[in-house]
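Construct all of the structure, not just a fragment, from the sequences and the given hints.
Protein chains: 4
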Amino acid sequence: MSEALTAAELQERLAHSPFIRFLGLVVTEAEPAEQRVTMIAPMRPEFERIAGSGQWHGGPIAAVIDTVGDYALVMTIGRPLPTINFRVDYLRPAVNTALTVIACVRRQGRSVGVVDVDVMDAKGALVAIGRATYATA
Amino acid sequence: MSEALTAAELQERLAHSPFIRFLGLVVTEAEPAEQRVTMIAPMRPEFERIAGSGQWHGGPIAAVIDTVGDYALVMTIGRPLPTINFRVDYLRPAVNTALTVIACVRRQGRSVGVVDVDVMDAKGALVAIGRATYATA
Amino acid sequence: MSEALTAAELQERLAHSPFIRFLGLVVTEAEPAEQRVTMIAPMRPEFERIAGSGQWHGGPIAAVIDTVGDYALVMTIGRPLPTINFRVDYLRPAVNTALTVIACVRRQGRSVGVVDVDVMDAKGALVAIGRATYATA
Amino acid sequence: MSEALTAAELQERLAHSPFIRFLGLVVTEAEPAEQRVTMIAPMRPEFERIAGSGQWHGGPIAAVIDTVGDYALVMTIGRPLPTINFRVDYLRPAVNTALTVIACVRRQGRSVGVVDVDVMDAKGALVAIGRATYATA
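Protein chains in written order, with the working numbering: chain A, 1 to 137; chain B, 1 to 137; chain C, 1 to 137; chain D, 1 to 137.
Treat the hints with care, as some may be off.
No distinction is drawn between identical chains; accordingly, a pair holds when it is met within one copy or between any pair of copies.
[Claimed, not checked] Here are the simulated SDA-like pairs of lysine to any residue, each with C-alpha atoms no more than 25 Å apart in a straight line:
id : residue 1 : residue 2
1  : 123       : 36
2  : 123       : 82
3  : 123       : 77
4  : 123       : 3
5  : 123       : 111
Hints are computed from structural coordinates only; laboratory data are not their basis.
Set out below in C-alpha cells:
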C-alpha cells in the first residue's frame, strides 16, 4: 500500500482521458487504507435533463459512477481497469448542485474488483448509488 | 397503439433535453407493434476514453443505453419516464465508430417497464448490453 | 415508526411462506430507526454446491438476499413487497458456515424501496453483496 | 465446438450438485452452435411463496437463472464456472406451473462470459429475466 497514488496523482491521471476531463472531476480525498476515494462532479450545461430545469440527467450520473468507482481501484493498482459491468439506482433528483461521489472497494480479487459508489447532492442527500465490477487481472 | 409516436416525433422530443441533444442521437427506426426503437449515436471528441485512442469511454455508452431504453417506452406512453435503475455490461471496445442502439421493451407494466438495449459498432459487433427499469406510473 | 414490527414479529411473519420456512432464517436484530435487520441463514444439505464440499451454492445465497432485503422494508411497512429486481455479487466461497445477513434500506420511496444486503460467513468475511428494489406502492 | 456437451451429458453433470439435484432441472435442448440451452424447472412445495398460493417465490427463480445460465457456458467450456454477479427482473407471478428456462450466451470472453436467461410459465408468458456474468478464466 506504500505505492498507493495520492489525491494529486489521481487528479493528474484523470486528465489522460478526454471524457473524464470533460466530466471535470475534482479529487478531494484518497484513503488507500480504507480503499476509498471522494470526488466532486460539477454541473455542466450539457448535463441538464430538461432545458431550464437545472436537473442532472441520469446519463452523466452513471458516467460519474463508472469513473469514480474505477479510480478507487486505480489508487492501489496504479492503472485504469476495464469495467465489466455496473448497476446504478436513482434515488432522488439532483437539481442545481455539484455532486459528491464516494467510492469504496468492497472486494479486490485477482480477477475482478467490486466497488460501491454513493452520490450525494450539496446538502448530503443521497441522489444515486452504483455498484460496479472491474477487471483486475 | 394508434397514438404511438413516429420516428420523427421521437426525434423532435429528444431535442427537449440539453443532455440528449449533446449525445446527438438520431432515430432510425420506431416500431410500436414490437415496442422497439433504433438510434445511431455518433462519436464525439468529448467521449474518448484515452487521448488519441478513438475508443468510446464506457460512461457515454451507459448514458446512451439509459436514454434509448427510455424512448422505447416513450414511443407508446408519450412522455419521458424516470429511470429506476439499470445495468450495463461491456462486451468489446468500440473504436472509431458510431454506435447502433436497439432498445426493446420486455415488459410494460402499470408501475414499471423493463427494456433491453443492445449496442453495436458499425460492423455489427456487440459492444455493450443494457437492461433498464423505468417508472411507468 | 412506533408501528414497526419487532424481531419476534418479523420471525412470525417469515413462517407464512413455505419457501422462507425452508430457508430457516432466524431474525437476530431489527432496528427500525436505522431501517436495518439482521438474520442468520443456516446451511442445509440441499444448499450444497458440490457433493461433499460443504460450500453454499450461489442460488440459495441469492434467495436469502432477496428475502432478508424484503424484510428490511416489511419491518416498517408491515407487509411483504414484490421484488422488482435485484443484483447479487459473489465475493468469496462460503464453506461449512451459517451466513449472517444484514439488510439496510437505502431509500424508501412512495413507489419503490432500495435495500443493500451484506452476507458474511461465521468469521465475518464478506461472502456476497446484494442490492434489491421492491415495489412499495 | 466438436467437444460441446450434449443435453444428456449436461443432465448428468447437473447431478453432481446436491442443490441442482434439489432444483430438479431437466435439460430439454442443448444448441452449441447458438450457445443456447433450455431446461424445465418443476414446481416443488418448498418453493411456494405463500402457503396455498401455488406461486413460485422469487428466490428459487433466481437460483434457477443462476444455474441454467452457467450451463449455457458449461456446454462448450466443459466445467462449471463461478458466478461473478447477476441481475434478475421479475415480470409476472408464476402460479401452479413448471418453468421453461432458456439461457443464451451473449459473449464468451477469455476472462468472463455473459449470459441472458428468459423464464417462462407453461403458457409461454415471460415470468422473469436474468443477466449473469461468470468467470471463464
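The hints, checked one at a time:
1. 123 / 36: Answer is both: 21 Å inside a copy and 23 Å across each meet the 25 Å cutoff.
2. 123 / 82: The answer is between: 22 Å across copies meets 25 Å, while 32 Å in one copy does not.
3. 123 / 77: neither (32 Å within a copy, 27 Å between copies)
4. 123 / 3: neither (34 Å within a copy, 29 Å between copies)
5. 123 / 111: between (37 Å within a copy, 23 Å between copies)
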